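Could you build the full structure based on these sequences and the hints that come with them?
Protein chains in written order, with this note's numbering: chain A, 1 to 89; chain B, 90 to 352.
Honestly, the hints are just simulated from the structure, not real lab data. Keep in mind that a hint or two might mislead.
[Stated by the list, open to error] Taking CB as the label site, the calculated pair distances span:
{"no.": "1", "chain 1": "A", "residue 1": "ALA78", "chain 2": "B", "residue 2": "PRO137", "range": "32 to 38 Å"}
{"no.": "2", "chain 1": "A", "residue 1": "ILE70", "chain 2": "B", "residue 2": "ASN321", "range": "55 to 61 Å"}
{"no.": "3", "chain 1": "B", "residue 1": "LEU167", "chain 2": "A", "residue 2": "LEU18", "range": "37 to 43 Å"}
{"no.": "4", "chain 1": "B", "residue 1": "GLY303", "chain 2": "A", "residue 2": "ILE74", "range": "43 to 49 Å"}
{"no.": "5", "chain 1": "B", "residue 1": "PRO326", "chain 2": "A", "residue 2": "ILE70", "range": "39 to 45 Å"}
The structure displayed is predicted, hence computed values, not measured ones. The beta-carbon is built from N, C-alpha and C at its ideal position, and this holds for glycine as well.
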Amino acid sequence: MLYLGNTTRCILALLGFLSAIFFPPYVPLAVMGLLALRFRAWEVLLIGLCIDFVWLPAGLSLHPLPLFTIGAFILVWALEPIRKEFLLR
Amino acid sequence: MMMSLYRQSESRARRRLFFATLFVVVLFFADLISGGHLRALVRTATIPVWTAGSRAASAVFGSGFFTSRASLLRENALLQQQLSDAEQRAAGYQALKDENDSLRSIALLAGVEKGITAPVVSSVLSSPYGSFLIGAGSADELARGSIVLAASPDAGGFVIGRVGDVSAHTALVNELFAPGTALEATLKGAAVMLQGRGDNARADIPRELSVSVGDIVTVPSLGGRPVGVVDNVVSDPASSHQEVYIGLPVSISSLRFIYVVSR
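Here is the structure:
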């Protein structure tokens, strides 16, 4: 069961990184959501940061906002109560 | 005992998540302070992945494996092989033809304005911020803010964006019609404010202004260059304004090369 969980997590994480490069933004967002809902996944933060690093113009003004990094923080920390219900025991 | 082990693993996982959060925050601010050096590294790393992925996709789909598998199964082994070879050659020829057409349109632009031709090296659909990567950078004397043109075989050059971040061999192009952007433009001699929507732009214009599909929209701050054509006009008799949707005469997702005007 645990092995299956880890495999799913790895596949989803890989899919998240690849979809950040190849697919429209809603695909990595959905993958991040799935990962964050099912696992206490630090990968979500890295996928969010990766999307912003690749596509967001650099600048000190923080405009436009790094939406995917912020979204990853929200997914990872705000979903904690819901995630507790879905976590593998 | 079980409960205690579970609590330990819970707290370990939470600690790991906390340190990952801290790590991401540190990376983000390190990148800001370094002027985008980290993101330049990440972008450089994505280009080989994108190139390999798009090559694999064109090899798989260009071979006709998915489109003609049923018919191929009905053919004998020799015909299958011949068909497959012919399709591969046709796909290769089509790819070269597309590239040739694209470069020929850009060559016309090069005759009018000084600049450089650069390949598009990323998806133009994946960015949530309306940006894409091109395979030219500061080593090719590309400067931040340079105007990026797409060549349309029928309508000439259209501005599609400006060069944003520049690293040695890549640059990020910020699209003019990126979601949430505003741009002052001219339509039929009247000043209009374009609101970027990603694929196209929208503007509210007075009802008195007579506009029809195909009218060209120009931007004074970009040297009066065209940025799009009117795609659709939505007029409500109850409103004093009409909505105009402006798009590009070329499909931005099919762009393989763009032309960057020298500053």
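Here's how the hints hold up against the structure:
1. ALA78/A with PRO137/B: 32 to 38 Å: Taking Cβ atoms as reference, ALA78/A and PRO137/B lie about 35 Å apart, which means the hint holds.
2. ILE70/A with ASN321/B: 55 to 61 Å: violated, 34 Å
3. LEU167/B with LEU18/A: 37 to 43 Å: holds, 38 Å
4. GLY303/B with ILE74/A: 43 to 49 Å: With a Cβ separation near 44 Å, GLY303/B and ILE74/A satisfy 43 to 49 Å, so the hint holds.
5. PRO326/B with ILE70/A: 39 to 45 Å: With a Cβ separation near 43 Å, PRO326/B and ILE70/A satisfy 39 to 45 Å, so the hint holds.
Violated hint for the displayed structure: number 2, the only one.
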